[in-house]
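Student: The lines below spell out each chain.
There are 2 protein chains.
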Amino acid sequence: MTAVLDIPVQRVQSSKLLQVALENVPFGKHFTDHMLEADYVNGEWTNVVIRPYQPLNFDPSMAALHYGQAIFEGIKAYKDEAGNAYIFRPDENLKRFNLSAARMMMPEVPAELFLDGMRQLIALEKDWIPALPDHSLYIRPFMFATDAILGVKASDTYKFMIILSPTGPYFSVPMKIWVEEHFTRAVAGGVGFSKNAGNYGASMYPTQLAREKGYDQVLWTDAREHRFVQEVGMMNVFFVFGQKVVTPSLEEGTILDGITRKSVLVLLDEMGYQVEERPLAMDEVMEAYAKGELTEVFGAGTAATISMIELLGYKEEKLHFDTQKFVTAPALKKALNDIRQSKVADTHGWMVKI
Amino acid sequence: MTAVLDIPVQRVQSSKLLQVALENVPFGKHFTDHMLEADYVNGEWTNVVIRPYQPLNFDPSMAALHYGQAIFEGIKAYKDEAGNAYIFRPDENLKRFNLSAARMMMPEVPAELFLDGMRQLIALEKDWIPALPDHSLYIRPFMFATDAILGVKASDTYKFMIILSPTGPYFSVPMKIWVEEHFTRAVAGGVGFSKNAGNYGASMYPTQLAREKGYDQVLWTDAREHRFVQEVGMMNVFFVFGQKVVTPSLEEGTILDGITRKSVLVLLDEMGYQVEERPLAMDEVMEAYAKGELTEVFGAGTAATISMIELLGYKEEKLHFDTQKFVTAPALKKALNDIRQSKVADTHGWMVKI
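Protein chains in written order, with our numbering: chain D, 1 to 354; chain C, 1 to 354.
Read the hints as simulated data drawn from the structure, not as lab findings.
Built from N, CA and C at the ideal position, the CB exists for glycine as well.
Some hints could be false.
Partial pick of chain D residues on the chain C-facing surface, computed with a CB cut under 7 angstroms [claimed, not checked]:
(1) MET35
(2) GLN69
(3) ALA154
(4) MET161
(5) HIS182
(6) THR184
(7) PHE193
(8) GLY198
(9) ALA223
Label pairs and their computed distance ranges (CB to CB) [to be verified]:
(10) C:LYS16 / D:LEU5: 38 to 46 angstroms
(11) D:LYS262 / C:PRO52: 48 to 56 angstroms
(12) D:LYS213 / C:ASP156: 18 to 26 angstroms
(13) C:ASP156 / D:SER172: 18 to 26 angstroms
Only chain D is shown next, with the shape it has when bound in the complex:
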């Protein structure tokens, strides 16, 4: 594929790849040999370069560290058995990245920088993509404010980067989830829909409290009444009632418009499920559980893909689910994996070949 941008490449002298066991990598710990970098100065993107992964210099007054203009995306690249490399729906991540940017008063990143830059970087790092099941190359595009001044205002300068990290399964065992009714993640008019750094830091303390109760993550509820489910830690959440699947809708702007969520909705529809995007109250969840009508609960996200939930803790109640009997979540996981590993035709045009 011909790149629109002619990005200069400074190559490493020798690759670190041989030092990394790709079949057994922890999430986000090892980075590939090169990174993409670009600077936003005087209203335009400049200094676009692919160069060896290395530390950066920053002034102690750098705006991102003080006023939180910092956003990111998470995307995955896969390698099929024939050795072909693909990125999963990066165009959707670009759209969401620029929505995040607008909400945080940051400049738009053009498609040629985001998409062509990503393709060129990954083409260079193709050997870093693990070809194993549930493994992938995690792609982290991010942007942060770089002005060196303490006045509270949108920065005039920014840095956009893409770094890459080979990864295995993120949550490989079924999860225990605490339904959170005290702390809130987002409210209408806020920044819940944007993938800004602050949302994640703000979630860590409530998550820690849930861990101390024996759970892995929290299921956020709405800020007004703590009645409607929102999303789970780093994933969108799906509730299966037999042939009907319900997931919270996006119109309040409080949850992330997940790319895996979006893909799952398409696949569920194709599988013949009745899919509903709408507000879902815990009352309804509890009632269906009591009647035996709530058959599965699972999360969907880029890092975790499809993650089955075996326990929901809600007030004094514990809702147990036998994930061995789950049908929908495993079928979705297989469908997504088959597409990602080119085992079935990519009828949706989701895979972008490197």
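Chain D is already provided as a structure; the job is to place chain C on it using the hints.
Tutor: Below, chain C alone, put in the same frame as chain D:
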């Protein structure tokens, strides 16, 4: 004053001070010759050092840039006519800093590092404190997460720093404020009370929209009904009804527990005002304005100190205030300035001598 901590000092070869016109400095643009730095590693604070102000190195995967564990404080140091230097209530900032840290799952910073470190740094930079009215040395303690790993979890390592910037008046003219009813800053159970970086980035877009309407800042309202006033941009807000002054209360955890707010409450009480900390609805504000009973509106914050408001834009209404006739706000500003410049006795024990 004997310091508890024995902090090694690496001095600059030559000072930048002569290159900076202290009587005419923009806010937060020039930094003094030295900075304080400390690292949190293996559960303890180490590598405490005062060294020349300079850029830092960070890994592109540094946690603060991706997941927003980043908090700060703003404090001011003043010099009186006799040349004595004082810091205004830094112990209160330390308390708030550690409340922010706890909410963002960051480690506590001990008093000796925060307070003694600050005193030693400022003692070294005493010549940088402008001795002019409305001028001061702005003190920025901050902490950010430094782990180089992309898994979403509280970082194991952090950096704490103090940097200093000489400053003049921040908002020197009366302000025009837009009462915001669409966007929200914070909600109960969130991070509104904590001084984390993300809160500021999230406020920039709504503030920009207000600017495009001709206003300087927004007055946030509660997330649930957009009925109760919260705070103004970077300040707490006070409404004066003759001899009664009302400011929003803190119990929801959605607004900042401002040190200037706290000081203003004490001074108002001493001046004989009836002070009320409670929810204040815009209905009540509008009604009092219509009756001519709302005499003043002003903001209070470290950067701006006391900032008079000449216009409140609310829905289709414009509430005008003749700041020339303001009595309370100027009296507070003078009282605070007199304390800060040692023109009156520091009866509250607010000034910490260097």
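Student: Next step is simple, just say for each hint if it's right about the structure.
Tutor: Each hint, compared with the structure:
1. MET35: holds (6 angstroms)
2. GLN69: Holds - the Cβ of D:GLN69 comes within 7 angstroms of chain C, reaching about 4 angstroms at its closest.
3. ALA154: At 5 angstroms from the nearest chain C Cβ, D:ALA154 passes the 7 angstroms test, so the hint holds.
4. MET161: Holds, about 6 angstroms.
5. HIS182: Nearest chain C Cβ about 6 angstroms off; hint holds.
6. THR184: Interface hint status for D:THR184: holds (4 angstroms vs cutoff 7 angstroms).
7. PHE193: Not OK, violated: D:PHE193 not within 7 angstroms of chain C, min 12 angstroms.
8. GLY198: OK, holds: D:GLY198 within 7 angstroms of chain C, min 2 angstroms.
9. ALA223: holds (4 angstroms)
10. C:LYS16 / D:LEU5: 38 to 46 angstroms: holds (39 angstroms)
11. D:LYS262 / C:PRO52: 48 to 56 angstroms: holds (50 angstroms)
12. D:LYS213 / C:ASP156: 18 to 26 angstroms: holds (22 angstroms)
13. C:ASP156 / D:SER172: 18 to 26 angstroms: holds (23 angstroms)
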